[in-house]
Amino acid sequence: MLEHLLDTAAQASAFRHIHPGTKLLLCLGSLIICLVSPSPVVPLISGMVLSIVLIVPARVSPVLYGELLLGPAIFTMISVLVLLFLVGGGDLLWRFNPAPWLNLTITEGSLREGILVMCRVFGCSVSLFFLTLTTPMTDLFNGMKRAGIPIELIDLMMIIYRYIFIVYDQAAEIWHAQVMRLGYSRPIEAIRSFSTLCGMLFISSWNAGEDLIWAMDFRCYAGIFPSLDRAEPIRIQSLVPVAFYLAFLTGILFATSRGVRTPWI
Amino acid sequence: MHIMEGFLPAEWCVVWWLIALPFILIGTLELRAIMQKDREYLPLLGACGAFIFILSALKLPSVTGSCSHPTGTGLSILCFGPFITSVIGAIVLLFQALILAHGGLSTLGANMISMAIGGPLAGLAIYRLLKNTRVNIYLTVFLVTAAADLVTYIITSFELALAYPAQVGGVGTSFLAFFAIFAITQIPLAIVEGSILALVFKYIVQMKPEILERRGVFSREQIERALSAENAGLLGGDRS
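Chain order of the listed sequences is A and B.
With the first letter of the first sequence counted as 1, position 159 gets the number 1321 in my numbering; the numbers rise by one all the way through.
With the first letter of the second sequence counted as 1, position 25 gets the number 816 in my numbering; the numbers rise by one all the way through.
Hints were generated in silico from the structure; no laboratory data involved.
One should not assume that every hint holds.
Unchecked claim - Quick partial rundown of chain A residues pointing at chain B, CB under 7 Å, derived from the structure:
1) L1197
2) L1245
3) L1290
4) C1360
5) I1375
6) V1404
Glycine included, each C-beta is placed from N, C-alpha and C at the ideal position.
Can you make the complete structure from the sequences, with help from the hints?
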């Protein structure tokens, strides 16, 4: 799981040194536009454009990106299948009676809703991937500090972030040892093994955390993690394309939403 | 349980974010107070967060725009209460969205309400009900954890039903449809998670009973009773 961390890809991205604020603006801007769009066209275009940007100029591995998209794609397809039979409205397109008490129908409204949800998940997910595949967590922590997020919250985030790797490494070691000793060969055995793994994991990560706090106390830790913030300045060369792109998406949003009743437009 | 990015319509994203924010604000203030008072809790806070992250990352696909997984919030609610748990849960959900692409930013409010706020509050209600009784503390932990897990999925089903009411039967039918799909994987998972967390708690009682006592999770009498029951081999005799 953690071998394929998005953070590792972000460190290697060609957009790594662009100011995180610029990337956050693009991510949140396109995400909000995709979310409020009543038409599937906007999220579809946004998703495709940002995918190309991620693979070509940002030099994100197409294999990694494909694997990343596969998760939401599978979930979306299965979920949209359920929505097709659940929501409705409009003309009847297809009817299926697998049992006398079960009447499954697909209507024009449910099909429209299904396509919209599928495109919206695609557009919004790619907007988020743009941020996560180009911005390492350390840059985000520094960005949060500058944005005035309470320091206690950021410190806790940094501790949890560190602990995740401690816990994961220990979990992998214990799990391999248990598998070698046939710890997961039967269901009851598996529950017992997994419980032991979690119990040991919790205690050992706690101990590791105490060691970390003591080590930091010896280095004059006073409740705040000082960290070097060497973010690149906001550059006009990256800000202007982002502004143009968001204006372009807003234009399509208004053009495609004429005549469609929504709470926002 | 993580509702994926973009799955909920914009108006529902805003509603769930607005409901979640006060919990996060109060939680942050509580966190500030607890960190100023005693930094010894910091490793426990971090361990709770990482534990929730790892447990809730073990996901099984579910046919609901979401997935099934243990939530791991039971331990945090017992040690730190609902507000700090909501902060830890929010951090974990944010990390999962940013590092693993599970969940999302627009659906973070809805995911916080179900996993970091609603589920833990249900667990807290069970805990308050059983805390001052003679019920075995491990049974209490089991019930708290299982309730937190199940209620998380009930709330997720409700969130999905509100966003996508059924053509026939409205929100009620939609809720039943979503929960029926979740229940296949989630009821056994809640039982397994309850058992696992009870065992984790057993380790904490053995190794760090003082911190539970100081946090007022259980009284000294209850902890000693549990320890003496273990020593007498009443809990499976694994210490014999």
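**Q.** Hint check against the structure, violated hint numbers in rising order
**A.** 6
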